Amino acid sequence: MFWHALGEVLPLAFAVIISPMPLVAVITLLLGPRGRRNAVAFTVAFVVAFFALTLALSSGSKGTTQNDSFFATVFHLVIGFAFAALFFYLAFRSWQKRPKKDAAPVEPKWLAAMDSFGVVKSAGLGALLGVANIKNVPIAIAAGSVIGSVDLAWSLVFLCTAVFAVVAGLGLILLTIVGGSTSPRIAGGLASAKAGLIRHNNVILAVLFVLLGALQLGRAFEAF
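Numbering (the working numbering), first residue to last: 223 to 446.
Hints should not be assumed to be uniformly reliable.
Restricting the straight-line Cα-Cα distance to at most 30 Å, the calculated cross-link-like pairs of lysine-lysine (DSS-like) are [stated by the list, open to error]: (1) Lys322 x Lys343; (2) Lys343 x Lys323; (3) Lys357 x Lys322.
The following label-pair restraints were derived from C-beta to C-beta distances [stated by the list, open to error]: (4) Val341 x Val388: 48 to 54 Å; (5) His226 x Gly346: 31 to 37 Å; (6) Gly410 x Glu444: 45 to 51 Å.
Derived from the structure by calculation, the hints contain no laboratory data. Just so we're clear, the structure is a prediction, and the values are computed from it rather than from any experiment. Backbone N, C-alpha and C define an ideal beta-carbon position, used for all residues, glycine too.
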């Protein structure tokens, strides 16, 4: 049951890995005056906050389908179709917001203030993006509903959620490790990656939401 639940939620974790805005935030911190220290604070806070959100949702749905096969079928159908519709809607909205061909991408206002951030503010931003990101919340709800609906001991629910959250944060973790180097070449690569992620943020999100919608739709049909 544990491996089944983990296998079900890992595709959702991979979608968080390449979420553009948290990656842009950690790159901005790495390129700033306090570099790795702020990036570590941001990354740890992001993973812990996302873990806490998913664990709360897993706990809330635990036991809802374990004693009634009919209710389990209905539960997975409703969850699957609801999240498929939500992800497809978010894909449509993200695609609509993409910059036009000749338009310069608009940077979020909070990026400009990040050079003045210390460890506490960096951690606060990481926690905020971990739980309030437009993509992370529905992903955490979807993952929590999967983990909570499987008959697992509380210790395994905790472990499964922890693995899910750490995998979801791998993009930030790897960037923090690699980006802590003082190499000008790495700094230049990070700056280029930041510009590309900002420019293509909405397109990346649109593609991810379509894939997540298709995944949830497939899970809904599996319930029949």
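Hint check:
no., hint, result
1, Lys322 x Lys343, "violated (33 Å)"
2, Lys343 x Lys323, "violated (35 Å)"
3, Lys357 x Lys322, "holds (22 Å)"
4, Val341 x Val388: 48 to 54 Å, "violated (21 Å)"
5, His226 x Gly346: 31 to 37 Å, "holds (36 Å)"
6, Gly410 x Glu444: 45 to 51 Å, "holds (46 Å)"
Violated hints, listed in ascending order, are 1, 2 and 4; each of the other numbered hints is respected by the structure.
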